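Undergrad: Below, each chain spelled out in residue letters.
Protein chains: 2
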Amino acid sequence: MKNRVCELFEIKYPIIQGGMVWCSGWKLASAVSKAGGLGLIGAGSMHPDNLRHHIISCREALTENGVTLPFGVNVPLLYPQIEEIMEIIIEERVPIVFTSAGSPKKWTSTLKGHGVKVAHVVSSTAFAVKCQEAGVDAVVAEGFEAGGHNGREETTTFCLIPAVSSAISIPLISAGGIATKAQYNAAIALGAEGVQIGTRFALCKESSAHENFKAHCRGLKEGETKLLLKKLAPTRLANNSFSFEVVEAESRGATAEELNALLGKSRAKAGIFLGDLTEGELEIGQVASLVKMEESAEEILRELIG
Amino acid sequence: MKNRVCELFEIKYPIIQGGMVWCSGWKLASAVSKAGGLGLIGAGSMHPDNLRHHIISCREALTENGVTLPFGVNVPLLYPQIEEIMEIIIEERVPIVFTSAGSPKKWTSTLKGHGVKVAHVVSSTAFAVKCQEAGVDAVVAEGFEAGGHNGREETTTFCLIPAVSSAISIPLISAGGIATKAQYNAAIALGAEGVQIGTRFALCKESSAHENFKAHCRGLKEGETKLLLKKLAPTRLANNSFSFEVVEAESRGATAEELNALLGKSRAKAGIFLGDLTEGELEIGQVASLVKMEESAEEILRELIG
Numbered sequence: 001m002k003n004r005v006c007e008l009f010e011i012k013y014p015i016i017q018g019g020m021v022w023c024s025g026w027k028l029a030s031a032v033s034k035a036g037g038l039g040l041i042g043a044g045s046m047h048p049d050n051l052r053h054h055i056i057s058c059r060e061a062l063t064e065n066g067v068t069l070p071f072g073v074n075v076p077l078l079y080p081q082i083e084e085i086m087e088i089i090i091e092e093r094v095p096i097v098f099t100s101a102g103s104p105k106k107w108t109s110t111l112k113g114h115g116v117k118v119a120h121v122v123s124s125t126a127f128a129v130k131c132q133e134a135g136v137d138a139v140v141a142e143g144f145e146a147g148g149h150n151g152r153e154e155t156t157t158f159c160l161i162p163a164v165s166s167a168i169s170i171p172l173i174s175a176g177g178i179a180t181k182a183q184y185n186a187a188i189a190l191g192a193e194g195v196q197i198g199t200r201f202a203l204c205k206e207s208s209a210h211e212n213f214k215a216h217c218r219g220l221k222e223g224e225t226k227l228l229l230k231k232l233a234p235t236r237l238a239n240n241s242f243s244f245e246v247v248e249a250e251s252r253g254a255t256a257e258e259l260n261a262l263l264g265k266s267r268a269k270a271g272i273f274l275g276d277l278t279e280g281e282l283e284i285g286q287v288a289s290l291v292k293m294e295e296s297a298e299e300i301l302r303e304l305i306g
Numbered sequence: 001m002k003n004r005v006c007e008l009f010e011i012k013y014p015i016i017q018g019g020m021v022w023c024s025g026w027k028l029a030s031a032v033s034k035a036g037g038l039g040l041i042g043a044g045s046m047h048p049d050n051l052r053h054h055i056i057s058c059r060e061a062l063t064e065n066g067v068t069l070p071f072g073v074n075v076p077l078l079y080p081q082i083e084e085i086m087e088i089i090i091e092e093r094v095p096i097v098f099t100s101a102g103s104p105k106k107w108t109s110t111l112k113g114h115g116v117k118v119a120h121v122v123s124s125t126a127f128a129v130k131c132q133e134a135g136v137d138a139v140v141a142e143g144f145e146a147g148g149h150n151g152r153e154e155t156t157t158f159c160l161i162p163a164v165s166s167a168i169s170i171p172l173i174s175a176g177g178i179a180t181k182a183q184y185n186a187a188i189a190l191g192a193e194g195v196q197i198g199t200r201f202a203l204c205k206e207s208s209a210h211e212n213f214k215a216h217c218r219g220l221k222e223g224e225t226k227l228l229l230k231k232l233a234p235t236r237l238a239n240n241s242f243s244f245e246v247v248e249a250e251s252r253g254a255t256a257e258e259l260n261a262l263l264g265k266s267r268a269k270a271g272i273f274l275g276d277l278t279e280g281e282l283e284i285g286q287v288a289s290l291v292k293m294e295e296s297a298e299e300i301l302r303e304l305i306g
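If you read the protein sequences in the order shown, they are chains A and B. For the first sequence, the numbering used here begins at 1 and goes up steadily by one. For the second sequence, the numbering used here begins at 1 and goes up steadily by one.
Treat the hints as calculated values from the structure; they're not laboratory data. Bear in mind the structure is a predicted one, so any value in this text is a computation, not a measurement. Each residue gets a CB set at the ideal place from its N, CA and C atoms; glycine is no exception. Be aware that one or more of the hints could be misleading.
Calculated Cβ distances over 10 Å to all of chain B for the following chain A residues [unchecked claim]:
{"hint": "1", "residue": "E153"}
{"hint": "2", "residue": "E154"}
{"hint": "3", "residue": "L263"}
{"hint": "4", "residue": "K269"}
{"hint": "5", "residue": "V287"}
Derived coverage of chain A by chain B (criterion: at least 3 residues anywhere in the stretch with Cβ under 8 Å from a Cβ of chain B; other residues may be distant) [what the hints assert, rightly or not]:
{"hint": "6", "region": "122-131"}
{"hint": "7", "region": "137-150"}
{"hint": "8", "region": "169-180"}
{"hint": "9", "region": "189-202"}
{"hint": "10", "region": "222-236"}
Pulled out of the complex, with its shape left as it was, chain A reads as follows (with noise of 0.2 Å):
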């Protein structure tokens, strides 16, 4: 399994735990780690204060004799105090960052000047090279499968990956689908030389979401999430009353405004963090239906590499 994707993060196994809001703290992105993956904290549900906690405890955790293994941080960059983060993340030396949702130009050179790893997420192969030329040193190209918040053209994994695998050189973490050896084969048969696996780590037990959200995505059927919200930013959900509201406020063409209206606050802290499982927004990806057991991140790891 060693490859550029190992070489660059200094990691064992080319497997990165996606730094998902309300699932991803310190606690997730240690045991990854730990067992030879990439653990992300996901800053994109943590106010400055609580992500600089993480980070702490995170290096902590994953210190024995001196030596440090490696983590990274997730950041979405439209968060509003994306300042502060950034200067958090320089301040306490975090080795990696993956960002999304935004521009890989603004921050690139910035975290490569203090000496950070910088991977970008992508949903599309010409945002992609736009990646590559602003000077990120890997890509995450994650199709229209994957949970939360996801790409306007719909573009699958299986389509995804060797396009933009054909139009880049630097490595290409796959993501979307992938929970099982099976999927991490056929990822690395598309082009891919790693995968970022969200869904299987957001339901395993070092994962903060709440128990409730836990076992209802277990629970998930095939056919069981939906990609919605597709004039505010596209997001998967797994079905429950609320998606089944949004479902029927686009069927009858609701507009950006009244989803707004209807989305309001906090609904993804509702549904993964406190367990709203009816008023809550459940982010998850399709593959939640492969997810049945609960496992720990080092089980895991164990059956993704045997």
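Since the structure of chain A is provided, determine the placement of chain B on it from the hints.
TA: Only chain B this time, still in chain A's reference frame:
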């Protein structure tokens, strides 16, 4: 490449050419079968008499020294003259039938009683299990990225194939998003024993689609197809004036009745067969953006098995 799909259909390579409306006549089907794959005639766009002509011509093209290479017919079970179509298939001793768009229970035993091998096309695991129970010989599982008519659950090839593979024991053929050797390998890694390729064959020399259609589709960039008409039968179309009209209508919440009126009759024929790029319905898969060259069916097979 030898496996159960090859044994079942008595073919050299487990590569099936989709039986697509307005593309898959006897010329395409016989070219694919001659090259060692399995060619399918697409009955969905043929009057019964015309289908009989294509079957006879296909058999003729595939017979040498009294030996006939295998070929098949794809039959959408919702076809209005379905009884007549099935009668012709049985009379003309077609060795293989791929059924789709309907229940596998209805025709499987009749066909098998006449020595016909039967595969059924599905877009979900639940339906794949029903196919196995109905006694079909193989299942084609088709992901969201596929062209033309498509499933309601929007499950992608990446998520669908592993799920179906673990739910059935009969041979599984993967469809949707497969055009290249890398994608073939990925489909096999996911658990398929064969692939059905539509888009790449729809755009090749022997396809009966209009040159305008082929040139337009070969020029598509990533993201330039879209799954539309979801309130009727979800259908993946290439972007054009007609598809933009549908996007606009769906965005304002058009009902099934309104969409039916907008769609009218014979749009697929207009777009694919008559080459009307403005008003026609251009059914094609997401993977079209990876198909750039005018190739023969034989060249495609050679590249896939090379």
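Undergrad: Verify the coverage statement for the region 222-236 of chain A against chain B, using a C-beta to C-beta distance below 8 Å and requiring 3 or more qualifying residues.
TA: holds (count 5)
Undergrad: Decide, holds or violated, for the assertion that all CB atoms of chain B are farther than 10 Å from the CB of V287(A).
TA: 5 Å, violated
Undergrad: Checking a non-interface call: every C-beta of chain B should be farther than 10 Å from the C-beta of K269(A). Is that right?
TA: 26 Å, holds
Undergrad: Taking the shortest Cβ-to-Cβ distance between L263(A) and chain B, state whether it exceeds 10 Å.
TA: Given a closest Cβ separation of 18 Å, the condition holds.
Undergrad: Under a C-beta cut-off of less than 8 Å, do 3 or more residues of the region 189-202 of chain A approach chain B closely enough to confirm the stated coverage?
TA: holds (count 3)
Undergrad: Just double-check E153(A) for me: nearest Cβ-Cβ distance to chain B has to come out over 10 Å.
TA: 3 Å, violated
Undergrad: For the region 122-131 of chain A, count the residues whose Cβ lies under 8 Å from any Cβ of chain B; is that count three or more?
TA: holds (count 3)
Undergrad: Three residues or more, CB to CB closer than 8 Å: is that satisfied between the region 169-180 of chain A and chain B?
TA: holds (count 4)
Undergrad: Are three or more residues of the region 137-150 of chain A within 8 Å, CB to CB, of chain B?
TA: holds (count 3)
Undergrad: Beyond 10 Å from every Cβ of chain B: is that where the Cβ of E154(A) lies?
TA: 7 Å, violated
Taken one by one, the earlier hints fail for this structure at numbers 1, 2, 5, listed in ascending order.
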